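Colleague: Whenever a hint applies, use it, and build me the whole structure from the sequences.
Protein sequence lines correspond, in order, to chains A and B. If you're matching positions, the first sequence starts at 1 in the numbering used here and goes up one per residue. If you're matching positions, the second sequence starts at 1 in the numbering used here and goes up one per residue.
Please keep in mind that the hints were generated in silico from the structure rather than gathered at the bench. Keep in mind that the hints are not guaranteed to be accurate.
[Unchecked claim] Straight-line Cα separation of at most 20 angstroms, EDC-like style, residue types lysine to aspartate or glutamate; simulated pairs: (1) K159/B to E396/A; (2) K159/B to E429/A; (3) K428/B to E476/B; (4) K342/A to E263/A; (5) K159/B to D56/B; (6) K199/B to D268/B; (7) K166/B to D427/A; (8) K205/B to E396/A; (9) K108/B to D427/A; (10) K108/B to E429/A; (11) K448/B to D351/B.
[Said to hold, decoys possible] Here are some chain A residues the structure puts well away from chain B; computed CB gaps all over 12 angstroms: (12) L4; (13) V25; (14) V160; (15) N314; (16) M341; (17) L369; (18) F415.
[Unchecked claim] Output of the computed footprint for chain B on chain A, the stretches with three or more beta carbons under 8 angstroms from beta carbons of chain B: (19) 268–276; (20) 390–397; (21) 402–413; (22) 420–434; (23) 455–468.
Computed from a predicted model, the values in this text were never measured in an experiment. Glycine included, every Cβ here is placed at the ideal spot set by N, Cα and C.
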Amino acid sequence: MENLQLVFPEIFLSLSIMFLLILGVFKKNSSKLIQNISLIILLITAVITFNETINVGEIKLFNSSVIVDYLSSFMKIIMLIAAFLALTISSNYLKTFKIFKIEYPILILSSVLGMMVMISSNDLIVFYMGLELQSLALYVLATFNRDNIKSSEAGLKYFVLSALSSGLLLYGCSLIYGFTGSTNFDLIASELNSNEYALTFGIVFILVGLAFKISAVPFHMWAPDVYEGSPTSVTLFFTIVPKIAALSVFIRFLYVPFLNLIEQWQMILVFLSIASMLFGAVAAIGQTNLKRLVAYSSISHVGYALAGLTTGTNDGIQSSVIYITIYVLMNLGLFSCLLMMKRNNEYYENIEDLSGLSKNHPMLSLSLLIILFSLAGIPPLAGFFAKFYIFKSVLEQSMYFLAIVGLLSTVVAAFYYLRLIKIIYFDKEKEKYDTDHSLWLKFSLTASTLLILIYFIFPSQLIEVVSRINII
Amino acid sequence: MNFPILSSLILLPTIGALFIFFTRSSEKNNNTVKYVALFTSFVNFFLSIYLWTLFDQTTSEFQFVEDRVWIENFINYKIGVDGISILFILLTTFITPLCILSINNSIKNRLSEFLIAVLIMESFMIGVFCSLDLVVFYLFFEAGLIPMFLIIGIWGGAKRVYSAFKFFLYTLLGSVLMLVAIISIYWITGTTDVVELYKIGIDVKYQNLLWLAFFSSFAVKTPMWPVHTWLPDAHVEAPTAGSVLLAAILLKMAGYGFIRFSLGLFPDASEVFTPLIYALSVIAIIFTSFIALMQEDMKKLIAYSSVAHMGFVTLGIFTLQQQGIEGSIIQMISHGLVSAALFLCVGVVYDRMHSRLIDTYGGIVSIIPKYSILFMLFTLAALGLPGTSGFVGEFLILMAAFKDNFLVAIIASFGVIIGAAYMLWLYKRVVFGKLINTDLKKMIDLNKSELFILSCLAIPTLFFGFYPEPLINTIEVSISDLIEMYNYKLVSKI
Numbered sequence: 001m002e003n004l005q006l007v008f009p010e011i012f013l014s015l016s017i018m019f020l021l022i023l024g025v026f027k028k029n030s031s032k033l034i035q036n037i038s039l040i041i042l043l044i045t046a047v048i049t050f051n052e053t054i055n056v057g058e059i060k061l062f063n064s065s066v067i068v069d070y071l072s073s074f075m076k077i078i079m080l081i082a083a084f085l086a087l088t089i090s091s092n093y094l095k096t097f098k099i100f101k102i103e104y105p106i107l108i109l110s111s112v113l114g115m116m117v118m119i120s121s122n123d124l125i126v127f128y129m130g131l132e133l134q135s136l137a138l139y140v141l142a143t144f145n146r147d148n149i150k151s152s153e154a155g156l157k158y159f160v161l162s163a164l165s166s167g168l169l170l171y172g173c174s175l176i177y178g179f180t181g182s183t184n185f186d187l188i189a190s191e192l193n194s195n196e197y198a199l200t201f202g203i204v205f206i207l208v209g210l211a212f213k214i215s216a217v218p219f220h221m222w223a224p225d226v227y228e229g230s231p232t233s234v235t236l237f238f239t240i241v242p243k244i245a246a247l248s249v250f251i252r253f254l255y256v257p258f259l260n261l262i263e264q265w266q267m268i269l270v271f272l273s274i275a276s277m278l279f280g281a282v283a284a285i286g287q288t289n290l291k292r293l294v295a296y297s298s299i300s301h302v303g304y305a306l307a308g309l310t311t312g313t314n315d316g317i318q319s320s321v322i323y324i325t326i327y328v329l330m331n332l333g334l335f336s337c338l339l340m341m342k343r344n345n346e347y348y349e350n351i352e353d354l355s356g357l358s359k360n361h362p363m364l365s366l367s368l369l370i371i372l373f374s375l376a377g378i379p380p381l382a383g384f385f386a387k388f389y390i391f392k393s394v395l396e397q398s399m400y401f402l403a404i405v406g407l408l409s410t411v412v413a414a415f416y417y418l419r420l421i422k423i424i425y426f427d428k429e430k431e432k433y434d435t436d437h438s439l440w441l442k443f444s445l446t447a448s449t450l451l452i453l454i455y456f457i458f459p460s461q462l463i464e465v466v467s468r469i470n471i472i
Numbered sequence: 001m002n003f004p005i006l007s008s009l010i011l012l013p014t015i016g017a018l019f020i021f022f023t024r025s026s027e028k029n030n031n032t033v034k035y036v037a038l039f040t041s042f043v044n045f046f047l048s049i050y051l052w053t054l055f056d057q058t059t060s061e062f063q064f065v066e067d068r069v070w071i072e073n074f075i076n077y078k079i080g081v082d083g084i085s086i087l088f089i090l091l092t093t094f095i096t097p098l099c100i101l102s103i104n105n106s107i108k109n110r111l112s113e114f115l116i117a118v119l120i121m122e123s124f125m126i127g128v129f130c131s132l133d134l135v136v137f138y139l140f141f142e143a144g145l146i147p148m149f150l151i152i153g154i155w156g157g158a159k160r161v162y163s164a165f166k167f168f169l170y171t172l173l174g175s176v177l178m179l180v181a182i183i184s185i186y187w188i189t190g191t192t193d194v195v196e197l198y199k200i201g202i203d204v205k206y207q208n209l210l211w212l213a214f215f216s217s218f219a220v221k222t223p224m225w226p227v228h229t230w231l232p233d234a235h236v237e238a239p240t241a242g243s244v245l246l247a248a249i250l251l252k253m254a255g256y257g258f259i260r261f262s263l264g265l266f267p268d269a270s271e272v273f274t275p276l277i278y279a280l281s282v283i284a285i286i287f288t289s290f291i292a293l294m295q296e297d298m299k300k301l302i303a304y305s306s307v308a309h310m311g312f313v314t315l316g317i318f319t320l321q322q323q324g325i326e327g328s329i330i331q332m333i334s335h336g337l338v339s340a341a342l343f344l345c346v347g348v349v350y351d352r353m354h355s356r357l358i359d360t361y362g363g364i365v366s367i368i369p370k371y372s373i374l375f376m377l378f379t380l381a382a383l384g385l386p387g388t389s390g391f392v393g394e395f396l397i398l399m400a401a402f403k404d405n406f407l408v409a410i411i412a413s414f415g416v417i418i419g420a421a422y423m424l425w426l427y428k429r430v431v432f433g434k435l436i437n438t439d440l441k442k443m444i445d446l447n448k449s450e451l452f453i454l455s456c457l458a459i460p461t462l463f464f465g466f467y468p469e470p471l472i473n474t475i476e477v478s479i480s481d482l483i484e485m486y487n488y489k490l491v492s493k494i
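Modeller: Written as structure tokens, this is what we have:
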């Protein structure tokens with residue numbers, strides 16, 4: 001008998017989703033209720049995950065097609081908390097656009113479920129199932145404001161391109177299956193024969209699919225359009241939650257079956273990383289829409305997170321996990337600010353709308369200042385440490401080129417973050433924005449800003465938590 | 001001693017800044033916040049004087065060392081002072097209160113934010129001068145960019161945005177390479193602790209590249225020719241208090257870094273690159289002095305003169321002789337006092353006439369005599385007249401340079417002459433001559449606080465000019481031991 005306790009979080013989440021669907025159908029005007037229940041469900045799932053799986057070491061279930069270890073538990077908890085905050089701070093936004101419907105939280109829950117499956121997968125088929133579950137939910141979410149032409153366009157674009165990448169990914173899976181005779185990561189690892197060049201093709205195809213999901217250059221084209229077109233609350237979800245899942249799949253996929261082929265994928269990953277860092281930094285300079293700018297900035301951040309994975313060491317994995325954690329924190333703060341830029345039932349998302357914000361909203365602009373400097377990676381803020389750990393592990397492997405290019409692109413990236421700060425602090429003020437924000441919105445902004453600000457006082461804590469991740 | 005005096009020095013201004021932040025200032029309590037800022041910075045000054053009295057001048061060991069684990073098995077929060085750094089800490093804590101005092105009418109809006117920025121800046125700069133761990137040093141070194149960017153950008157002049165960006169991006173670009181070098185040092189030696197690194201040394205084959213990476217950061221910050229162009233822009237656009245901080249303290253971080261890190265950690269590479277530093281220093285001295293001659297904006301002129309003075313400093317450091325390095329440190333302290341005073345002098349007339357152009361002025365000696373006297377004093381100190389602190393530094397540097405390389409010394413001495421020319425010419429055009437611009441007649445002489453600030457700067461300028469012993473005593477042992485260590489490492493090739 002398998003130990004079902006370990007997949008209890010997933011089981012609980014799927015049962016809850018079904019329950020909520022039924023509830024939504026039978027009870028009229030239940031969107032608020034369902035929203036609240038979903039929030040509670042996310043929290044409970046996080047608690048269950050923490051209780052049941054954080055201390056299990058490494059256990060494989062169902063013919064070792066599902067793995068539960070510290071990495072999966074940690075990533076799941078981070079993801080669930082991020083999803084919880086992303087959902088809770090977006091309710092006002094959804095109400096404003098009259099899209100506060102029962103489907104929204106349910107879709108979020110299903111995509112979270114898909115991602116949990118992805119994170120725990122130890123088998124290509126399980127992994128693909130999780131991936132498609134989360135993608136399907138995300139397509140609908142992107143087009144959730146269906147009366148808005150941009151939102152529909154975003155959803156369609158995302159669907160078409162994502163389907164293409166899923167096709168590539170599946171092709172890669174089939175190649176790997178053909179040459180190793182298995183879809184299980186462990187079996188693949190034992191059957192591996194590095195002389196099979198076609199196997200490399202398989203890896204490349206899967207990497208392309210994954211790079212698409214995590215929006216790494218050159219498979220990033222969908223990101224700016226989708227981020228801009230989707231409702232801001234969905235963009236927030238897009239920027240943080242799927243990245244966590246995709247990164248852990250990256251780790252699992254590269255380090256469990258294919259660690260011995262590191263010479264083959266290392267160069268590809270270095271290229272993805274350098275291209276993302278540079279392109280994200282350069283392309284963001286010309287943007288005028290904040291959500292587009294965030295899209296490019298997240299492309300660039302993904303580049304840094306991938307840089308940690310190029311190293312082939314536990315240190316590298318840990319630094320990537322730290323990076324993505326701090327990245328989630330910073331983006332939560334940034335989007336909380338975006339969701340606060342509301343006046344007369346209208347949300348503003350252009351760069352000029354930030355103009356002179358510091359005169360009317362000193363606290364909001366101070367938080368933005370801290371978040372932006374942190375995104376730019378200026379010490380002593382959290383963003384600096386994130387980059388610092390990455391470069392520490394990269395330089396351990398003497399990959400000087402990657403480190404220097406990465407650091408130089410932080411200088412380029414600093415330019416557009418500075419430009420935002422310039423607009424907030426140096427330019428003429430505009431009308432005031434509303435200040436009646438929900439409590440959760442204020443909480444998430446304050447909490448993320450404070451954490452970013454005082455991270456340097458206790459940097460060891462996060463490292464300690466992450467240092468238990470041990471893949472190799 | 002258990003009381004963490006250095007950490008208190010670092011923390012105190014930040015606490016003051018937090019206090020101001022939470023008082024939620026409005027236009028009404030502008031005075032209150034200013035008193036809070038003044039109070040904290042003065043307390044900090046007296047604390048640092050107390051530190052100086054406790055300081056043991058007979059040893060080059062680091063004193064008041066605090067060593068706490070910061071990141072397990074990786075970085076320790078380690079701070080401490082020796083003879084070299086204590087003077088810079090004193091300079092910082094001395095200039096900051098004067099800086100705050102000088103804000104009378106020049107900063108009207110968002111005074112409390114300005115004071116917060118200045119105080120946080122002070123924390124960071126003290127941190128730079130006493131950190132004994134490369135990562136901690138980098139942290140403070142870079143963090144200083146944030147408040148300075150805001151000071152230039154929010155309270156600056158017309159072209160403030162351009163200048164703030166230029167300042168930030170130039171320095172950031174220089175510094176990221178230093179970060180690569182610091183992490184590499186960690187992987188090469190297994191530690192980032194400076195004291196430890198002094199002991200074990202760094203393998204010669206890595207030194208050249210590491211030296212260059214540190215150099216890229218320090219050269220921008222010094223600033224050395226040809227990456228000095230951010231400085232005139234930043235100075236001109238920054239508000240007076242910002243210029244003072246920039247010139248008096250920020251520029252010294254690089255000079256300090258050269259002595260502490262480039263010489264201390266990479267002796268072989270320093271030996272290799274000495275000709276490069278000589279060449280760049282001499283070019284900076286001559287070239288920027290000529291540029292300074294041509295300036296029509298007073299602040300710009302002083303900014304270029306700063307570049308020339310820092311050229312002397314780098315020249316002195318890399319002569320690698322007792323007098324040279326002593327001269328450089330005294331030159332830096334003196335430049336901190338004098339350039340601060342000169343920027344304040346410009347600020348005084350700017351507040352009254354709202355013009356920094358030299359043409360606006362002329363013949364003001366009879367209208368504002370007190371100002372003219374003090375301005376005269378600082379002009380003379382800037383050109384290095386005997387009896388002012390400027391002379392001691394330049395003299396020692398040139399003396400060491402003559403021993404080391406005759407040609408370089410001759411050219412540098414020529415720079416002193418041009419220096420005299422542009423400073424005196426500036427003074428002549430502003431203060432003497434016919435009074436043509438009749439608006440000038442309405443100018444009022446120095447008020448009490450301005451007089452107080454400028455006198456505070458004048459006293460040490462003169463005192464150390466006649467009697468530099470206290471400074472030299474403080475740094476002497478540290479420098480001689482540094483040079484000894486340098487030569488020892490050079491010979492034994494570790």
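Colleague: Compare the structure with each hint and give your call.
Modeller: Hints versus structure:
Restraint check for K159/B and E396/A: not satisfied, since their Cα atoms lie roughly 43 angstroms apart, outside the 20 angstroms limit. A threshold of 20 angstroms between alpha carbons decides the hint, and for K159/B with E429/A the separation of about 18 angstroms falls inside it, so the pair holds. Of the supplied pair hints, the one linking K428/B and E476/B is violated, its CA atoms being roughly 38 angstroms apart against a limit of 20 angstroms. In summary, the hint linking K342/A to E263/A is not supported, as the alpha carbons are separated by about 50 angstroms, beyond the 20 angstroms threshold.
Between K159/B and D56/B, the direct Cα distance comes to roughly 47 angstroms. Violation of the 20 angstroms bound is thereby established for this hinted pair. Our distance criterion of 20 angstroms between C-alpha atoms is met by K199/B and D268/B, whose separation comes to about 15 angstroms. With a C-alpha separation of about 18 angstroms, the suggested pairing of K166/B with D427/A holds against the 20 angstroms cut-off. For the hint linking K205/B to E396/A, the alpha-carbon distance of about 17 angstroms falls within 20 angstroms, and the restraint holds.
A hinted pair counts as satisfied when its Cα atoms are at most 20 angstroms apart, and K108/B with D427/A qualifies at roughly 17 angstroms. In summary, the hint linking K108/B to E429/A is supported, as the alpha carbons are separated by about 17 angstroms, within the 20 angstroms threshold. Between the alpha carbons of K448/B and D351/B the distance comes to roughly 15 angstroms, so the proposed pair stays at or under 20 angstroms and holds. For L4/A, the non-interface assignment is confirmed: its Cβ lies about 37 angstroms from the closest Cβ of chain B, beyond the 12 angstroms cut-off.
Distance check on V25/A: its Cβ is at least 51 angstroms (rounded) from any Cβ of chain B, clearing the 12 angstroms threshold; non-interface status holds. The claim that V160/A is not at the interface with chain B holds, since no C-beta of that chain comes within 12 angstroms of its own (minimum 39 angstroms). Distance check on N314/A: its Cβ is at least 14 angstroms (rounded) from any Cβ of chain B, clearing the 12 angstroms threshold; non-interface status holds. Distance to chain B confirms M341/A as a non-interface residue, since its nearest Cβ pair spans about 21 angstroms, more than 12 angstroms.
Residue placement check: L369/A does not keep its beta carbon more than 12 angstroms from all beta carbons of chain B (closest about 8 angstroms). Not every Cβ of chain B is farther than 12 angstroms from the Cβ of F415/A; the closest lies at roughly 6 angstroms, contradicting the non-interface assignment. With a threshold of 8 angstroms between beta carbons, the proposed coverage of the region 268–276 of chain A by chain B is violated, since 0 of its residues qualify and at least three are required. Against chain B, the region 390–397 of chain A contributes 4 residues with a C-beta closer than 8 angstroms to a partner C-beta. That satisfies the three-residue criterion, and the hint holds.
Coverage of the region 402–413 of chain A by chain B holds in this model, with 6 residues showing a Cβ closer than 8 angstroms to a Cβ of that chain against a need of three. Figure legend: the region 420–434 of chain A, annotated as covered by chain B; annotation consistent (4 residues with Cβ-Cβ distances under 8 angstroms, at least 3 required). Against chain B, the region 455–468 of chain A contributes 5 residues with a C-beta closer than 8 angstroms to a partner C-beta. That satisfies the three-residue criterion, and the hint holds.
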